Amino acid sequence: MLEVKNVSKSFRGLRAVRDASFTVPEGGINGLIGPNGAGKTTIFNIIAGVYAPDSGEIFFDGRKIHGLRPDQVCAAGIGRTFQIVKPFAGLSVLDNVIVGALQRSRNVPEARRFSQSILEKLNLASKRDLPASSLTLPDRKRLEVARALATRPRLLLLDEVMAGLRPTECDLMVQVFRELNRADGLTILLIEHVMRAVMALAKHIGVLHHGEVIARGTPHEVVRDAAVLECYLGEETEV
Amino acid sequence: MSRSHVALLVLLAVLLALPAFAGAYALSVATLILYFAYTGQAWNVMMGFAGQLSLGHSLYVGVGAYAAGAIFFHYGIGPWAGLWVAILLCVALGVVIGFLAFRFGISGVYFALLTIAFAEFTRIGFDHLDWVGGPGGMFLRVAQRDTWDIANFRGPPLMYYYAILALTCFAFVLCYFLLKSKAGYYWQAIRENEEAAQALGINTFRWKVYAVALSSAMTAVAGVFFAFYYNNLFPEQIFNISRSIEIILGPIIGGLGTLFGPILGAAVLTLLSDGITELLAALGWEVPGVKQVFYGVVLLVVVMFLPNGIWPALARRLKLDA
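First to last, the protein sequences are chains A and B. Start counting the first sequence at 1; every next residue gets the next number (my numbering). Start counting the second sequence at 1; every next residue gets the next number (my numbering).
Excised from the complex, chain A in its bound form (with noise of 0.2 Å):
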């Protein structure tokens, strides 16, 4: 569904990403894990259509989409999450999720019936007439989530949405996830430092180091590679 081709990304001569290449099958959640400052972010951003690839393709459905900009990827059928939560703050929860809903509704009527949906899906029902500058953390990173599915992805990109979470929050979280997946036939694709959340999710995890795509398997094979055991080796995990 996603293919990322020999993807090439450089900041004033760092190279953020190099030759990065991997796919996500369609209804797979992949994960992409590595170190601070592997590049897992700003391959989200270079997917996403922030950023133009200096070199490499990207796919998505068989259909070139970098270059594209961040909306028109996102009417392809990619939604996002920023791993730094951008909520409206001045708008309520229900109003945030509304923006998104209005992508593929026909009118305001129709989003907020979705939305209502959607918060329910993610227990933020409650709170949807507060603002959400009143959201503690969790649940400003459930709000990223809602609002990006409010617009109907085929394929989610996550950015980190368990860190600041607390295991109950997170297994919550991955319950979530799975039954999008599941029922919904969602793909995902989710850059995570949250061990505990990617080896209960993903079904196949890419490791990037340096910008470098340095080994890919299933979460087992991947823990135990040697290449990936070296690069984490000094790194505060979690497991």
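Where hints are given, some of them may not hold.
[As the list claims (entries may be wrong)] In the DSS-like style, the derived pairs of lysine-lysine whose C-alpha atoms are separated by at most 27 Å in a straight line are:
{"hint": "1", "chain 1": "A", "residue 1": "K86", "chain 2": "A", "residue 2": "K121"}
{"hint": "2", "chain 1": "B", "residue 1": "K291", "chain 2": "A", "residue 2": "K121"}
{"hint": "3", "chain 1": "A", "residue 1": "K5", "chain 2": "A", "residue 2": "K127"}
{"hint": "4", "chain 1": "A", "residue 1": "K64", "chain 2": "A", "residue 2": "K121"}
{"hint": "5", "chain 1": "A", "residue 1": "K64", "chain 2": "A", "residue 2": "K203"}
{"hint": "6", "chain 1": "A", "residue 1": "K127", "chain 2": "B", "residue 2": "K319"}
{"hint": "7", "chain 1": "A", "residue 1": "K121", "chain 2": "B", "residue 2": "K319"}
{"hint": "8", "chain 1": "B", "residue 1": "K182", "chain 2": "A", "residue 2": "K86"}
{"hint": "9", "chain 1": "A", "residue 1": "K203", "chain 2": "A", "residue 2": "K127"}
{"hint": "10", "chain 1": "A", "residue 1": "K86", "chain 2": "B", "residue 2": "K180"}
{"hint": "11", "chain 1": "A", "residue 1": "K5", "chain 2": "A", "residue 2": "K121"}
{"hint": "12", "chain 1": "B", "residue 1": "K319", "chain 2": "B", "residue 2": "K180"}
{"hint": "13", "chain 1": "B", "residue 1": "K291", "chain 2": "A", "residue 2": "K127"}
{"hint": "14", "chain 1": "A", "residue 1": "K121", "chain 2": "B", "residue 2": "K180"}
For the record, the hints were derived by calculation from the structure and aren't laboratory data. It should be emphasised that the depicted structure is a prediction, and the values quoted were computed from it without experimental measurement.
For chain A, the structure is supplied; the task is to place chain B on it using the hints.
Okay, now just chain B, sitting in the frame of chain A:
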């Protein structure tokens, strides 16, 4: 019907009946309040809704006023035709400014500077445009003051009062529906976080240009009103940056991005500043610039104690919908 609807209808009834018991002076103050309420609403679409700061709205007032005024002055054609020329010109200007700024990612204070720059060089341009009188100004014929000549928009002060009241009501209703529509959601999303808005599929460039176009069109109409109400136009006055500041004070003090804020802000500012001028005159003191000092003080007080403006706080107190 909610409390808010009842309150609005009562206010409208009072405003409609006002000329029956207001003298000439009170009517002129009310007209001025509504003029600032209307221009404040127009500016609020751009800044309050879409978060794009314009400090050059005198540009649209001026171009709108001069366009309709010149057509009347030279060809004797009334403002109902000139209005459309004014709107077209201002929308074109607004779209050019928006296109330049948003295409090259100019935002925030830099965008505000660009709007000032356009207003300023248009002022200088009009100073050298002899067709509309240059710096010497353009004067529209003051016709009979006691008959309503609707076709040429000439008549007694009462006519202008009802015209600006109608404009203010129209803008209020328009903004009410806009805020509930897709446009309202998209603009507010852009105002709150442009990057997130774009990630949710909003073509932020296009929607920002729409906001500028609508705001400039509405302000152009205010310009046409200005030309036919005051009958004299000077580039030095109409394009002056202090005119732009006057437009934006009302919505900021009343409540940015709210429906009623621009109206309340205009009323508070105009009534208080006129009150102070009157008071000083009654005491026999003549203090030049007291109005500007007063604006500064009010702005300071509101920013310090009511950073969201007077209206949100007042609406809570009165249990009305903000």
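Each hint tested on the structure:
A C-alpha spacing of about 20 Å is found between K86 of chain A and K121 of chain A, which places the hinted pair at or below 27 Å, so the restraint holds. At most 27 Å may separate the alpha-carbon atoms for a hinted pair to count; K291 of chain B and K121 of chain A exceed this at roughly 56 Å. Among the hinted pairs, K5 of chain A with K127 of chain A is inconsistent with the structure: their alpha-carbon atoms are about 42 Å apart, more than 27 Å. For the hint linking K64 of chain A to K121 of chain A, the alpha-carbon distance of about 32 Å lies beyond 27 Å, and the restraint is violated.
Restraint check: the Cα-Cα separation between K64 of chain A and K203 of chain A comes to about 25 Å, which is no more than 27 Å; the hinted pair holds. A threshold of 27 Å between alpha carbons decides the hint, and for K127 of chain A with K319 of chain B the separation of about 21 Å falls inside it, so the pair holds. Pair hint K121 of chain A plus K319 of chain B does not hold up; C-alpha atoms about 33 Å apart against a cutoff of 27 Å. Taking the CA atoms of K182 of chain B and K86 of chain A, the gap is about 20 Å. The hint holds against a cut of 27 Å.
The hinted pair formed by K203 of chain A and K127 of chain A fails the criterion: a straight-line CA distance of about 33 Å is larger than 27 Å. Taking the CA atoms of K86 of chain A and K180 of chain B, the gap is near 22 Å; set against the 27 Å cutoff, the hint holds. The straight-line distance between the Cα atoms of K5 of chain A and K121 of chain A is roughly 34 Å, outside the 27 Å bound, and the hint therefore fails. With a C-alpha separation of about 20 Å, the suggested pairing of K319 of chain B with K180 of chain B holds against the 27 Å cut-off.
A threshold of 27 Å between alpha carbons decides the hint, and for K291 of chain B with K127 of chain A the separation of about 46 Å lies outside it, so the pair is violated. Proposed proximity of K121 of chain A and K180 of chain B is supported: the alpha carbons are some 25 Å apart, at most 27 Å.
Hint compliance for this structure: hints 2, 3, 4, 7, 9, 11, 13 are broken, all remaining hints hold.
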